[in-house]
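Quick mapping for you: the protein sequence lines, in order, are chains L and X.
For the first sequence, position 71 (counting from the first letter as 1) is numbered 776 according to our numbering, and the numbering increases by one without interruption.
For the second sequence, position 4 (counting from the first letter as 1) is numbered 132 according to our numbering, and the numbering increases by one without interruption.
A portion of the hints provided could be inaccurate.
[Said to hold, decoys possible] No more than 27 Å apart at the CA atoms, straight line, and that leaves these computed lysine-lysine pairs for DSS-like:
#1 L:K917 x X:K197
#2 L:K917 x X:K265
#3 X:K235 x L:K801
Simulated from the structure, these hints should not be mistaken for laboratory data.
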Amino acid sequence: MQQQEIHNFLLKYFQANDCPILENHSGYMTVQLTIEMDKELMNRPFYWHYLEKTGGIPNPAKLTLITDPNSVPEDIKGEIIHFGSPRLHQIFASTKNLARYIRLYENHENGSRKTPLLPWLCLNVKISYQCDRKRDVFKSIGLQLINGQMVENFHERLLNISLTPKIPDYSFTLSPLVKPKSGILRIENYLKSSIYQDDHSWAEEARKRWEKDLRLLEHFYEDIEEGNEAYETEKKALQEQYEPKIKISFINGGLFYLTEKAIV
Amino acid sequence: MTVEIEFDSSWQDEFLQRIHQDGPWGNWELVRLAIEVEKHLVIPEFEGLQAPKHLPNLTPLPHQLETAKQVIENMNGKAILADEVGLGKTIEAGLILKEYMIRGLVKKVLILVPASLVTQWSMELNSKFYIPAVSQKKSYVWEQCDVVVSSIDTAKRNPHRDIIFRQNYDLIIIDEAHKLKNNKTKNYEFVQNLKKKFCLLLTATPIQNRIEEIFNLVSLLKPGHLGSQTAFYEKYKKDSRSLNDNEHLKELVNKVMVRNRRADTGIEWTKRHVETIPIDFSDTERELYETIYNLKNESDWIQGSSFSVMTLQREACSSREAVYYTLRNMLQKKENPTQAFKDQIESLMKKVEAVQTNSKAKKALELIQQINDKVIIFTEYRATQLFLQWFLKQHGITSVPFRGGFKRGKKDWMRELFQKRAQVLIATEAGGEGINLQFCHHIINFDLPWNPMRLEQRIGRVHRLGQEQDVKIYNFAIKNTVEEHILKLLYEKIDLFEKVIGELDDILTKLEFGNMEDHLIDIFGASSSEGEMRIKMENLSSMIEFAQSMKKGETHAAAGNS
């Protein structure tokens, strides 16, 4: 992420959470946190607990974030934000945490024509391939809950569609034939079967490394009668170090009601 | 080939519940941002380092990056980092730790370091690597914090020990790991029993050790890598001095060890120029010194503590203020002082008062005016430090004080003041990494520490990576005093000042003759004649010289990247 991207991201994050932007210059911004966002980011539960007990006037913090230290006037004090800064990662985590589940309707332009909207289940996941090393793949899968159509890169497609949290006038939703629960299962199976077809030489090699170290370990403890505990610990450590695993974890997902033509 | 696939099901339960309850639903903007974030955080390749992208304020050197990559990609995260001193092993360890944390392979980390380095390690990890490392102070820290720094001596004792064994650490880092060379010690046993998924052992001097010690260290990291104990000793003689005799063994060791040498890093080091400046006492100063010197012979008044006499003698070579301060303390601390004791102190105080000038300070002033550039003055004594500050001010020279005991923020502030406003920094303590003074290249050793490592640390503040000038070192020594003996017989003889950083470290570790200071106190305090003292000093310096010559023979043969 470039500093400019970080700057834009922060702006969008605070705006999406209804925090007034008091100052916005290239290089830094000052935002007024809402009470909710103060609790989310400032990590001062005692203050809020105290305030709620005593009925004092809440005074949520202002935050000045600097994204380009070189272009900031000297009298501006704030937190310098870069891709590695803990504050940014806290905000990343908060973003993901605040947006785990969604339901939206297509904001179509069919006017007063009666428009049916088809239910889609969207899952955005991260697939991690892990042994003593790790790599990840992001996937967005959409499943139409009536005819079972499966679409990859679903999120990218949604970005081109105008969406709204309230069902537009003269629109009605079709009830799903596939229940969301079994929809999730279908996507799970789809992901798994496509993963099985992947190249897994990375896992094979990790197993070889594991096997090799295990043999050394056994040889080392060959002539030590007692001390089995140390042997077992080391053995467990090797398993944790090398055992290849694939993890599918959720970023977010939800239901989208779209017109027939939206996804072709 | 089948690999187990874990599908996180915790998400769907809540999803189904929200459908059931018709919400609450998230904000579309945030969902899109979350995915944008995720795409930036996803790491599509097994290889390569992500950490540098997260550390815009740190510029690792090429050999440090190479080491981090090597450890993760070719050593599977278990390695001995054995760079020569001054090449940044801590940075390498930090890079590796950061990389694993970014990739989500490591969460829980235990860092075991000497007690004196605990704070420094956690500060460096926090400030340089944005890793929330915590120094262990309370016992709940083990369980509640993910990255904990502690001394091994604390960790191995209960109740800590039991709590630690219950934790599931992903990475264990041990600094100064050469202290774990003996497999019969409690420390060794403790580390051996820790579960080491990933593990880094940091040491500067692994290889000059005996073959047995190498076996122990490697077996701690990767048991069986050098075979079982019996098999190993059948093959190699137990007390064989080094690895040099055996190519195969050397190769094996290099599979789990990275050792960068200064010469291989391609970093240019500037030179050190050393000048000894002999100084004559004024008459009153001489008298004070002689009076103290003669106390040795009537020793009962301070319970025969040659240490105290020695301290006073050294202080007399520094400043009358230092002597005064110690005398006052002696009087205050003594319970029910006898009249004789009081009289003795009293008469010494008189001698102190009689001293009106400080010959060294005069010389320092002259030198500073002549240098006309930034200068660091090191002294062993607080009282001297205060006096010098006052003295320089009288002569229109700006100075700032520096002490090891300063809090982090104050240290940084003083450094800043020195860089921007003051000409002179007067420091009592060299210790404490992180204060780097490369912008200065003149050092005055107003008095000399008796531990050569301390001296090396002093010089190391200035003569380090990033120093562009040759470094000038001025050593003050009062003629015909204990100070001159130290300088002439020890430091000059072993060319201490000319050494490259790190060499001394190697030499002293190899000697294994214990605390240098103890030897010196013994020599100066217990020798009954000048002659005896001279002979003992000769012996000491020959030992160091001997170690040095052995080292030279080994330099190229040691199992590094030769």
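Take a quick look at whether K917 of chain L and K265 of chain X sit within 27 Å of each other, Cα to Cα.
-> Roughly 40 Å separates the two Cα atoms, so the pair is violated.
Restraint status (C-alpha distance of K917 of chain L to K197 of chain X at most 27 Å) = OK: K917 of chain L and K197 of chain X at ~21 Å, within 27 Å.
Is the Cα-Cα distance between K235 of chain X and K801 of chain L 27 Å or less?
-> holds, 19 Å
Checked against the numbered hints given earlier, this structure breaks only hint 2.
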